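Novice: Now for the letters of each chain:
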Amino acid sequence: MIRAWLGLRRVVCWSQTLRPGMVGLALFLVVAMGADWAEARGALRLQEAGLDSAAATTVDKDAANAAKSAAASEESSVENSPAEPLVYLAITNVTLHTMERDGVIASGTVLMADGKIVAVGKAVEIPAGAEVIDGQGFHLTPGLIDVRSRLYLGPSSADQAGADGSLDAIDGVDRFTSYGQEVLAAGVTAVYLQPGASGSLGGYGATVATGSAEGSAGELSSGVLQAPAAVQMALGGVARAGTSRARRQQYEALQKRLKDAKDYQKAWDDYRAALKKQAESKAESKAGPPAEKPAGEAAANPAADEAARGSGETPANRPRRRPGPPPQAAGDGEETTIVSDSTEDAGAERPAFGVVQEPRPQRGGRSGGRPMSGVPAGQDGAQAAAGEAAGAAASEPKKPAFDPLKERLLPVLKRELPVRFEVRQAEEIGWALSLAQEFNLRLVLEGLTEMKSATAAVRESQAPVVLGPWLNGAGGRETAEATRAWAEVFGPQDGAANALVNRVVIATFSEAPAGSKWLRQHAAMAVAAGLSADQALRGMTIEAAQVSGVGERLGSLRPGKQADLVLFAGQPLDVTAPVALVIQAGKVVWDQRSQMGAATVQAAESPVAESPAAGSPAAESLAAGASFSDPVKALPAVLPARYAVVSRRLLTGGGSWMSSAMLVEDGRIAGCFDTSELPADVPVYDLGDSPVTPGLQSAWWVNPSAGTPISKDSNAAQQFAADGFDPSAANVQRLLESGVNAVHVVNGPDNVVAGQTAWLRLPPSSSGGSGERRGAAEQWVLTERARNIERFPSTLVGQVSLLRDRLAGRGDATTLYLPEAAVAKLMAQRSAQLQAVQSGKLPVVVAVESDGEIDAALRLLAGTEVQAWLYGAVQVRPFAERLAESGVGLIVNPISESTFDWYLEDLVDAQARGVSLLLAGRHGNELRATAAALVAAGMSRDEARDLLMHRTEYAFDPNALGALQVGAPAEFLVWSGDPLELTSRLIWTSWGK
Amino acid sequence: MKKESGNVTLRIVNQTIRRVTRPDLLGPMLFRRREQVGRARRLVLLVLSGLLVVSAGATVGNRLIAARPVSEDLVAESAAKGAGSTELASVLIQADELHVGDGQVLRPGMVWVVDGKIQAVGAALEVPEGTELRQVAALTPGFVDAAASVGVAGGAGEVTSEVTPEFVVSEAIDLLDAEFARQVDRGITTVHVTPSTENVFAGFGSVLKTAGQGDGRWLQKQSGLCLSMCNDPTSRNAARGRPETVYMRQPTNRMGVVWILRSRLHSAGQESPASVPGVNLEVINPLLADMVAGRTPAYAVSRTSYDIETLYRIGDEFGFVPVLVGGDESYKVVDLLKQKQAKVVFTALSTGALGAERSELRWSTPLVLAEAGIEFALAGDRLLDQARFARRYGLSAADAVASITGRPAKILGIEDRVGKLAPGLAADLVAFSGDPLQVTSTIEWVMIDGQLQANGEDQ
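Protein chains in written order, with this note's numbering: chain A, 25 to 1017; chain B, 45 to 503.
Here chain A stands alone, though its shape is the one from the complex (with noise of 0.2 Å):
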């Protein structure tokens, strides 16, 4: 009824704002609008086609027929409608990701009104009164869904798994928090929810709309899409609990469930087969044997049509029904496989036999759960009622017991819900394609970090697979060999394009509350190891509709389906490019516009190809990889001890790119030069337009194989970071594999002074060079770590006392047991480098957390000549002043999930005010996804850049001549783009010789 209240109003509107002939054109609106909107809208561009309207629009012609004739019934009642004017909004000169047929539309429009996308193409016509946005210089896409997510869920919710499937999603879901919005910000409009990934078999998961429980409106005040949306099953789960060994218990147990839920179904439709059986032969009896027809066709029979109805069946479930012999003849022979006795009373006594068959009970019915799929509630009681009057003098069929859990397994076995399944490594992998094939599953694969020899299995199945984390949280490590791994599966299949790659949907498989909100990151992550950039954006955007159970109402800008949209400040895929406006059901629900300048955008236009339509050679091209390997073809296996490389993407110092020749002699660069100077005799590789820069630095980075001494004083100036660094460490290998080659590493946390920090160049060509023995900072712990109540201090004040003490030249002696030689040994060593530190030629490092800490710190230092850089801090905003005027600097923690969009801005708010920064992590990937946050948060991309790649080295090496410097080793990396964009990947690395 509202849906048709709506539809009146809308009616009223259209016949005002349009024109008045196409009054009977809204009608049929109306009536489309209950079955099918988008029906109805193919209906009106065949009317507009049809006047004057050439909009370059989905059209739907079977829906204009059924329109019309509808048009004509609800004629009458418009007249009397109350007039209430729609409210249209439509956005306009932007680039539409369609994600339909139409591919990318360059400068088209959107018209949205009532929660709903109306038009879409190049030239819409926007009716009088709408609300325009000009979208020029911007994007957009359809929301953006993330197909993992732990948004909403509690702790208990998102952590606690289950195996026996009873558990859903949505029982956990608590849209009263804050990191809704955040996310929405983002541009997540839907996040796929489901029961914690480690148990075998949790139950059903949820699509829910992000934003605020309180801010939405109308049919999104529960946020519930669809529900359930799959049921969740895992092998191992996230965390790769347990043995090989059990997870093939977990294998087994599943599909003993599963084939309990088939037999369980068998004996229901078994039992209603008699039931019905029953009720016919008495109908029969009735009406005479009918000598005309055989026994069976009597279900075609008229009068067993109704004996049927009579026993409670209804029309609505009997389309159910699966194709072939007539029931009657079924029952008696054929599907009867296991018992073949097939008598009327013989199928009814054994329950747990029987043909398959609908109807089953629904949950809605008997269980108290949630209905499902439309079949009504409570038939089944009275289907049962009814059946047992009809049967009371014959014998009795036997009633299975109901049984709530076999119930939820019974839409995945009827492919109702897909089943999402996590699996990560080969063995499993095959495991659960089996159990697919076994019970007939729609198979959705997720996780497959460790495909391996799986690869082809994954590649032969059509199930979609849900691929993530890219940008990992935990040390890059698994994102750094799932990386790897993923190039490969991406790559061309026996020189043909790959089909995998088109099914692949991108997710975060985020464990914090905010996690979805990098979803992005992860797809341009997904890009650099070569999946394309269509192919990234459509899985988060139809193609992830589509696993989640949202394909017919989310996912694509087509007429029809919920105005869910993003606009980015830029290309989707570019990180650096800011979510400018995020629609959410017809309403604005998040506006940076007014935060960003014109500049903003026309910055973040950035080169990286636009995304082509599904399907055009280009497409094609991209996803075989070819894009990537124009670059690397240009350079040789061996480099000659004298070449020069050309590039119109050079780093200079500043951050910027020049266009210039690099001329290399014996690892060393020997010159930048225009490219005619060049000297002549010089072989000359020309990397066109791929960007050459110097390697990335990390300005913190714990070293994990030197463990964390505990030393008896809390002073340990004496401890040497560099010590124990193992230069061929695997920890090693895969920073210079993502592109770092050079880190200011610094000892454990433990000790209040902690001692020196040292900077490392990686390659091995440069070790044994200069500067690697020397200290490049003293290191203070001010954080909990360093508190020890067995040992002085306990407490921050007694941190801070000792380092006041230890400043001011006071109170210095050791506990250790050492010989007198030794303790004077030690002691001169102490001050020497407390003497530097107090003329600042020594830096410190001061790791604090919490406010308290910060503004310890910045109490310690105040006054004094020490340079200093904070590690750590959590809140930066009330601080910024002061770090500014004590000139004391900031080393900043990577993006993880849980970092907050504000705290970037505040980071991009200190450096304006003049605070320094440095960039802190542990992989490649982890420095240019923080680099590239705070670009998208408003710093300007040479100062990203020219942190990734050279403030750290100022700040450590006061030797330092810069990356890319004449004398400089020619250490330097070529990107397929700009590194700033995590699209781009690292495609030759040059470590000196």
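Worth flagging that the hints you see were computed from the coordinates, not collected in a lab. Warning: the hint list may mix true and false statements.
To be verified - Label pairs and their computed distance ranges (CB to CB): (1) 833/A to 383/B: 45 to 51 Å; (2) 829/A to 297/B: 29 to 35 Å; (3) 173/B to 862/A: 57 to 63 Å.
What the hints assert, rightly or not - On the chain A side, residues computed to face chain B include the following (Cβ under 7 Å): (4) 813; (5) 816; (6) 818; (7) 819; (8) 820; (9) 822; (10) 824; (11) 826; (12) 873; (13) 874; (14) 902; (15) 904.
Quantities reported herein were computed from a predicted structural model and do not represent experimental measurements. A virtual CB, placed ideally from N, CA and C, is assigned to each residue, including glycine.
With chain A fixed as given, assemble chain B onto it according to the hints.
Specialist: This is chain B only, laid out in the frame that chain A set:
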């Protein structure tokens, strides 16, 4: 600054609140700048420089995205002053009932505030044209908590040693701690933050305002030396009967507490004291000597009657008079306290039905102390509730209000700055909708140094 009523849009100042778009029903609150944000709290406190009272917002990060003004006037006022400041340069507050803070009550009464200080107090005042007028049912001075434990970052006791007089809590007080805002909501405008009681000589406390900017918040960075003449210092001994283990920390029992007090104080009085391993006498002894000489106040935590007796015995021995903190069983030693003219910071009402150290509590102890003429303050958080409770057990209304305002200020030695409604003192005011000691009355607003702070909805 841009203001629309109804569906509020506030696009404000200093980029602190960037947009406020939708109303919301979560209840009114104060938005305070520089508030710790995002720690699993549904609502985040923010300010637009100075103050704006709005009802509640949902947030994105620390960005307020929804809010509704409680008082249109206040918003308009903020808007008029441009930067959103609500410092009221000159304001006259009329109250039906005005508690001066020293036991006097004016009905009606007026307070004239100019530039954050009280200019005049009286039954009727003449003020110049243009002075803003506010009317309230009842007005008291801001409450003073003489024994608080808020806002200390990283531990309030250096428990690695039992003698830490050099410990100063002001070194680690986090002025941005959200707990301070909660104190403001409860009407508490001044707190004496003390170190924890696990050391015999615990260190120095600090007296500061619960709101304000920068260094102006401090009243005493080092208030006085805090001692523990109670069982608490023994709790850090982990020897469990093994006298020679490394887990041994002194003292191990109550007698040990007394011995450490006595031996350290004795050492402090010596010209050339015998050295003690692990103790830096050069630093410690001057601090103790100052206390003994009365140059530094002493705050001693004692709860049971025998600890109180011991405390004053030691005081007599070395010639100093401590302020008694705790005092659970002070009703048992009323005569002693009277004789010593003791000042008592009574915290037993904040510890619940079972006293600390299983001391035997009596609800009427404040009344007993008042009748004996002993100077006491109610302390240890939720001061208004404590005063109301004491009133329920017989304390007079005037004494009840004085024991959370003027009396604690006097005991802390800050009576010339806060605690009373008197000319020259800071304009720290709490406005009530009715009799402050009735549970049906709510705090309507709190003013600290002339700045409006909260609408007290937390009550």
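Novice: Hints the structure violates: just list their numbers, smallest first.
Specialist: Result: hints 11, 12 and 15 break, sorted rising.
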